[in-house]
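Let the sequences and hints guide you as you build the complete structure.
Protein chains in written order, with the numbering used here: chain P, 1 to 166; chain Y, 1 to 166; chain S, 1 to 166; chain A, 1 to 166.
Derived from the structure by calculation, the hints contain no laboratory data.
It is possible that part of the hints are untrue.
The list that follows gives simulated cross-link-like pairs (lysine-lysine, DSS-like), each with its CA atoms no further than 30 Å apart [claimed, not checked]:
1. Lys161(P) to Lys140(Y)
2. Lys161(S) to Lys161(P)
3. Lys140(P) to Lys161(Y)
4. Lys140(S) to Lys161(A)
5. Lys161(Y) to Lys161(A)
4 protein chains.
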Amino acid sequence: MSTDPTSSIPRPDANGLVHGLTIEELKLLSTSCLEARALAYCPYSLFRVGASLLIHASSPTTASTTVISGANIENASYPVGTCAERTALGTAILQGHRLGSFKAIGVATDMDDFCSPCGMCRQFIREFCGNEVPVFMHNKSGEFRVLTVGELLPMSFGPEKLPPRE
Amino acid sequence: MSTDPTSSIPRPDANGLVHGLTIEELKLLSTSCLEARALAYCPYSLFRVGASLLIHASSPTTASTTVISGANIENASYPVGTCAERTALGTAILQGHRLGSFKAIGVATDMDDFCSPCGMCRQFIREFCGNEVPVFMHNKSGEFRVLTVGELLPMSFGPEKLPPRE
Amino acid sequence: MSTDPTSSIPRPDANGLVHGLTIEELKLLSTSCLEARALAYCPYSLFRVGASLLIHASSPTTASTTVISGANIENASYPVGTCAERTALGTAILQGHRLGSFKAIGVATDMDDFCSPCGMCRQFIREFCGNEVPVFMHNKSGEFRVLTVGELLPMSFGPEKLPPRE
Amino acid sequence: MSTDPTSSIPRPDANGLVHGLTIEELKLLSTSCLEARALAYCPYSLFRVGASLLIHASSPTTASTTVISGANIENASYPVGTCAERTALGTAILQGHRLGSFKAIGVATDMDDFCSPCGMCRQFIREFCGNEVPVFMHNKSGEFRVLTVGELLPMSFGPEKLPPRE
Ligand SMILES: [Zn+2]
Ligand SMILES: [Zn+2]
Ligand SMILES: [Zn+2]
Ligand SMILES: [Zn+2]
Numbered sequence: 001m002s003t004d005p006t007s008s009i010p011r012p013d014a015n016g017l018v019h020g021l022t023i024e025e026l027k028l029l030s031t032s033c034l035e036a037r038a039l040a041y042c043p044y045s046l047f048r049v050g051a052s053l054l055i056h057a058s059s060p061t062t063a064s065t066t067v068i069s070g071a072n073i074e075n076a077s078y079p080v081g082t083c084a085e086r087t088a089l090g091t092a093i094l095q096g097h098r099l100g101s102f103k104a105i106g107v108a109t110d111m112d113d114f115c116s117p118c119g120m121c122r123q124f125i126r127e128f129c130g131n132e133v134p135v136f137m138h139n140k141s142g143e144f145r146v147l148t149v150g151e152l153l154p155m156s157f158g159p160e161k162l163p164p165r166e
Numbered sequence: 001m002s003t004d005p006t007s008s009i010p011r012p013d014a015n016g017l018v019h020g021l022t023i024e025e026l027k028l029l030s031t032s033c034l035e036a037r038a039l040a041y042c043p044y045s046l047f048r049v050g051a052s053l054l055i056h057a058s059s060p061t062t063a064s065t066t067v068i069s070g071a072n073i074e075n076a077s078y079p080v081g082t083c084a085e086r087t088a089l090g091t092a093i094l095q096g097h098r099l100g101s102f103k104a105i106g107v108a109t110d111m112d113d114f115c116s117p118c119g120m121c122r123q124f125i126r127e128f129c130g131n132e133v134p135v136f137m138h139n140k141s142g143e144f145r146v147l148t149v150g151e152l153l154p155m156s157f158g159p160e161k162l163p164p165r166e
Numbered sequence: 001m002s003t004d005p006t007s008s009i010p011r012p013d014a015n016g017l018v019h020g021l022t023i024e025e026l027k028l029l030s031t032s033c034l035e036a037r038a039l040a041y042c043p044y045s046l047f048r049v050g051a052s053l054l055i056h057a058s059s060p061t062t063a064s065t066t067v068i069s070g071a072n073i074e075n076a077s078y079p080v081g082t083c084a085e086r087t088a089l090g091t092a093i094l095q096g097h098r099l100g101s102f103k104a105i106g107v108a109t110d111m112d113d114f115c116s117p118c119g120m121c122r123q124f125i126r127e128f129c130g131n132e133v134p135v136f137m138h139n140k141s142g143e144f145r146v147l148t149v150g151e152l153l154p155m156s157f158g159p160e161k162l163p164p165r166e
Numbered sequence: 001m002s003t004d005p006t007s008s009i010p011r012p013d014a015n016g017l018v019h020g021l022t023i024e025e026l027k028l029l030s031t032s033c034l035e036a037r038a039l040a041y042c043p044y045s046l047f048r049v050g051a052s053l054l055i056h057a058s059s060p061t062t063a064s065t066t067v068i069s070g071a072n073i074e075n076a077s078y079p080v081g082t083c084a085e086r087t088a089l090g091t092a093i094l095q096g097h098r099l100g101s102f103k104a105i106g107v108a109t110d111m112d113d114f115c116s117p118c119g120m121c122r123q124f125i126r127e128f129c130g131n132e133v134p135v136f137m138h139n140k141s142g143e144f145r146v147l148t149v150g151e152l153l154p155m156s157f158g159p160e161k162l163p164p165r166e
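Next comes the structure, spelled out in structure tokens:
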């Protein structure tokens, strides 16, 4: 199986962008989430998931990182495990990234079908990504479908709904 | 604050139904989720949420129950708590209800705004409700907006995506 | 496989009690968690778990309930599922039970080994049960081991650790 | 508030070790979890938690890392957030660390009292740490108490309890 997504990259727009990403950024995002699958700890499901976060150049970083990866981590008590998207975001938040830092999200599995984030991850993502951030959902061949955070979690329950803590 | 939703019930269709519910069913669903807020255990957020599930008449029941209620249950370790929708569904699944049992879902909070299920609950709901099931999202006055499960969690990661357990 | 735990009941103390329970209460607790396994929704793990809660006679009840059952409910996104103990407690909290309501907890699986609650459930239990509440952990034959909540979660992070919400 | 834990370091044993750590390792572990509190995203609880993982020198690393930090990350939907210990472990697992990699765990909050991991984190830790791994639980002044993973989660439900996936 090839993990090179190049052949499936859609035609860029007039500015040379695909959903706001340059071809180089898109290749980085895709390759990173496809490769991150190898880092998964999933002895219970045998279902590997990889995720990647593309960081805006202007965001705070503790390194010259422009992409951050994650993979699913399961637990003998299934509800205690976590997903690839949340693992990646956990690392990113710890590096100081917050709302406004993320330019795009990538997700990949070993399925023929395009795989989307679970609802719990959509909620976790929502805390740190605006509705316009694109999520690139790959199949095992590196092809992808794109929906934005706002499309994946319409009428979301986000931070602005909670009464402020005094 | 009135919790009587009657005044805000939209005009029924030609069959006398609102999103497939009779006016009596809708009143029961709305009143149940609004009242269920009083059962919440939420000392940390002080944010009460109530939920209700309308059961199809033909579904298995251990009683003559036609509606099942839930409320949020918080924990000193925030991630360990649970939401109103999952509490209600937990009780329902324990009574033997499964995919096909649920006719509608109601959610209510103390906010002026209409409140939707969080992403984690959308995922939990998705396991047991088809995309067509309507979710009635109330404000504190008992008015509501409606989106279906499929609209709340588009391109969902559901049971059909997992390789079967042999 | 017999689910009758009678033969394995330990010798009661001078007051006729086993960890504070009468033989009748113990039989009810054991039978309930063993039977509750049949209610589990666990297509992903095929690992059925049942739980039961013995309620103090003086506790608020919406019915003449003295035992409340639960079972595990899994999800295609494993972390979104929930355990038997939390399902049972969810139903109980919704009935108005709180700290002081619970006399004992029972857990049962299909294993030869004695099964204990996962750490997440111990934390959930801790919110509503004092350290002295006994947890009866059964094997598939109905035999059990007993540890208290305080023994299962020593030096716990409970409600008293959080600064009060103003 | 001083975050220098030096003054509170207990007398080492005959080998110059404290719970198996050299004084330098202990200082690194303590300082790291105390400092990691500053990375927390906790707008809902205002309760900052930091965690640190001391890595065995022989463990696989993508860098010369010997300590990995984490902090709590909350969510508007409280159950969707995560804790400091799991954030740190997520980063570590993604770097290839597994059972056998971890020499010690540190946790710190802003409380006067010594703070222990919640039950959910104990379960997450259990998947990757043997019973003998020490957990250094700090107060805000950098003093600590130590319990092992096995002491924090006795009779745990770990990987060895699950039927193997074929
Ligand atoms: Zn997920
Ligand atoms: Zn929810
Ligand atoms: Zn559990
Ligand atoms: Zn925790």
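Comparing the hints with the structure gives:
no.	hint	result
1	Lys161(P) to Lys140(Y)	13 Å, holds
2	Lys161(S) to Lys161(P)	26 Å, holds
3	Lys140(P) to Lys161(Y)	13 Å, holds
4	Lys140(S) to Lys161(A)	13 Å, holds
5	Lys161(Y) to Lys161(A)	26 Å, holds
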